[in-house]
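Chains G and B, in that order, are what the protein sequence lines are.
Using this note's numbering, the letters of the first sequence correspond one by one to residues 1 to 208.
Using this note's numbering, the letters of the second sequence correspond one by one to residues 1001 to 1230.
Calculated from the structure, these hints are not laboratory results.
We put the beta carbon where it would ideally sit given N, CA and C, even for glycine.
Warning: the hint list may mix true and false statements.
Here are the simulated distance ranges between beta carbons [what the hints assert, rightly or not]:
{"hint": "1", "chain 1": "G", "residue 1": "Ala-69", "chain 2": "B", "residue 2": "Ala-1132", "range": "39 to 45 Å"}
{"hint": "2", "chain 1": "B", "residue 1": "Ser-1229", "chain 2": "G", "residue 2": "Arg-199", "range": "24 to 30 Å"}
{"hint": "3", "chain 1": "B", "residue 1": "Ser-1230", "chain 2": "G", "residue 2": "Val-208", "range": "44 to 50 Å"}
{"hint": "4", "chain 1": "G", "residue 1": "Gly-30", "chain 2": "B", "residue 2": "Val-1035", "range": "56 to 62 Å"}
{"hint": "5", "chain 1": "G", "residue 1": "Gly-124", "chain 2": "B", "residue 2": "Leu-1024", "range": "20 to 26 Å"}
{"hint": "6", "chain 1": "G", "residue 1": "Asp-4", "chain 2": "B", "residue 2": "Pro-1176", "range": "30 to 36 Å"}
{"hint": "7", "chain 1": "B", "residue 1": "Tyr-1099", "chain 2": "G", "residue 2": "Asn-70", "range": "15 to 21 Å"}
{"hint": "8", "chain 1": "B", "residue 1": "Gln-1028", "chain 2": "G", "residue 2": "Asn-70", "range": "44 to 50 Å"}
{"hint": "9", "chain 1": "G", "residue 1": "Ala-69", "chain 2": "B", "residue 2": "Leu-1039", "range": "46 to 52 Å"}
{"hint": "10", "chain 1": "G", "residue 1": "Thr-114", "chain 2": "B", "residue 2": "Leu-1024", "range": "23 to 29 Å"}
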Amino acid sequence: MSADLIAKRLTCERDDRLLFSNLDFVLRAGDVVQVVGPNGAGKTTLLRIIAGLYQNFDGQLLWGADDVANQRDSFNHELLFLGHKSAINPLLTVQENLNFLCAMHEDHTRQAQTDALEQVGLRGYEDIYCQNLSAGQLRRVALARLYLSNAKLWVLDEIFTAIDLAGVAQLEQLLENKAKAGVAVIFTTHHKPSLDGLRHLNLEDFRV
Amino acid sequence: MSSPAVSLRTSFGALISRELQCALRKRQDLANPLVFFVLVVVLFPLGVSPEPSFLETASSGVVWVAALLSTMLSLDRLFRDDYEHGTLEQLVISPQPLYLIVLVKIALHWCLTGLPLLLLSPVLAVMMHLPAEHIPVLMLTLLLGTPTLSLIGGIGAALTVSLRSGGVLVSLIILPLTIPVLIFGTGTILASIDGIPVAGYLATMGAFLMLAITLSPFACAAALKMSVSS
Chain G
1 MSADLIAKRL TCERDDRLLF SNLDFVLRAG DVVQVVGPNG AGKTTLLRII
51 AGLYQNFDGQ LLWGADDVAN QRDSFNHELL FLGHKSAINP LLTVQENLNF
101 LCAMHEDHTR QAQTDALEQV GLRGYEDIYC QNLSAGQLRR VALARLYLSN
151 AKLWVLDEIF TAIDLAGVAQ LEQLLENKAK AGVAVIFTTH HKPSLDGLRH
201 LNLEDFRV
Chain B
1001 MSSPAVSLRT SFGALISREL QCALRKRQDL ANPLVFFVLV VVLFPLGVSP
1051 EPSFLETASS GVVWVAALLS TMLSLDRLFR DDYEHGTLEQ LVISPQPLYL
1101 IVLVKIALHW CLTGLPLLLL SPVLAVMMHL PAEHIPVLML TLLLGTPTLS
1151 LIGGIGAALT VSLRSGGVLV SLIILPLTIP VLIFGTGTIL ASIDGIPVAG
1201 YLATMGAFLM LAITLSPFAC AAALKMSVSS
C-alpha cells in the first residue's frame, strides 16, 4: 500500500516574516511537484518541514492516515532527503562517502553502488578524495543515492544546482521513471525542468 | 513494496569505520589535546615548585585538571564537521536511532582522545612524583572519569554546534557539570595517598559514568535535532 503525504493548513513564520500560511497540498505516489517561488520564499523551509528537520510550524503533516510526528521511524524509512548541503565529507573518498550515506538508510551491495556511480559519471573516481572533486562532481556523489534508493518519498532541495546540461536531462529522465514506479517527488530548482505531469506549488499563492 | 530495512550492524559498521577514517586523516586534531595535556603537566612544576613533597600532593589535581581541559578542548569538533557538511541532518533523519548514533560517536571520540590520555598518564604521574602504588588508582579514576567528561561535553557540543563561535559557551554550560567528576577524581587519589580505601570513591565515579551513558545521549540527540532545525 502506498501512502500519501498530506499537508493541512501549514503555516510558517521565520524571523517575524510570514513565509506561507494555510498551505494545503497532497502528494500522491507518482506525483512530481516542483515548489516554486523567489529567493527567500520558504522553499527550503517547506522541504525541511516535510523531511522533519524543521519543527517550528503550525498545521498538520500526514503520512497516510497518521501524523508524521507519530510515525517518525517508519516515515524516515520511506524518506530520501537531499539537502542544500550534500553531506559529503571531503576527507573521505567517493566510495566511502556513498557507502556511508547509503548504509545509514538502506542496505546496498558494493556492485550496486559502483553501478550508481557509473550512472552519475563518476566511475573510476571511487578512490579519489572528495576534497579533490569539483562542485558538480561533489553534487553527483550525493545524487548517486537517487539511483540506489528504494524510498517512496523524495524530497530534493536545489536538485539541479552545479549539474551540467546533460546531467540535468538525465536526472529529469530518472525522476520521470521513478514517478512512474510510484515514487512521490517534491523538489525545488530555479531551472525549468521539462517533465511529464509536473505540478507546481507556488508559495506566493499562500502568502496571505 | 517496502524498502528493505538496513540492519543495525551494517549501519553502525559503516558509521564506526567512517569515524575512524575521518579521525585518522586528521591526525593533527588527535594530537592537539594530547600535546596540551602533556604541556600543562610538564610546565606546572616549572612554574610553581619542583619540590617532590609538594608535587606529590598536587599531582592528582594537576593531572586531572589537565585531563578535563584537554577533553573539553577536543569536544568542540565532535559534531561540527558533520554539521557543516550536512551529514548531521542525514543522521537525524536516518531510520537508525539517533541515541545510538550519538553514543557510538562519543565512544569513538573517547577511544581516540581519552584513551591515549589515559595511557600517557603513568608517565606524567611519575614525573609528578606520585608514588608508584597510587598510579593504578590514578588510571582507574581516569578510566571512569574521562568517558563521563566526554559524555557530558557531548551535550555542550551538540547544543552549540550551530553557533559560529560556540567554544566559550560550551565551557560555560559544561564546566559546572564536570566539577563533581573532577572532585571525585582527585579525591580518590588523595584518599589513596592517605591510606583510605578507595572502593567507595570508585563506585561513585562508576555511578556517574552509568548516569552519563544513559542520560547524555538522549540530551545530545534532542540538542542535535534542535541545532539542525535552526
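How the hints compare with the structure:
Judged by the Cβ atoms, the range 39 to 45 Å given for Ala-69(G) and Ala-1132(B) is violated: they are separated by roughly 58 Å. For the pair Ser-1229(B) and Arg-199(G), the supplied restraint of 24 to 30 Å holds, since their beta-carbon distance comes to about 27 Å. About 27 Å separates the C-beta atoms of Ser-1230(B) and Val-208(G), a value inconsistent with the hinted range of 44 to 50 Å. Restraint check, Gly-30(G) to Val-1035(B): a C-beta distance of roughly 58 Å satisfies the suggested window 56 to 62 Å.
One distance hint, 20 to 26 Å for the beta-carbon pair Gly-124(G) and Leu-1024(B), holds here, with the actual separation near 25 Å. Here the CB-CB span from Asp-4(G) to Pro-1176(B) is close to 49 Å, at odds with the stated 30 to 36 Å. For Tyr-1099(B) and Asn-70(G), the Cβ-Cβ distance of about 19 Å falls inside the hinted range of 15 to 21 Å, so the restraint holds. Between Gln-1028(B) and Asn-70(G) the beta carbon distance is about 45 Å. The supplied range of 44 to 50 Å therefore holds.
Against the hinted window of 46 to 52 Å, the Cβ-Cβ separation of Ala-69(G) and Leu-1039(B) comes to about 49 Å, which satisfies the hint. For Thr-114(G) and Leu-1024(B), the hinted distance range of 23 to 29 Å is satisfied, since their beta carbons lie about 24 Å from each other.
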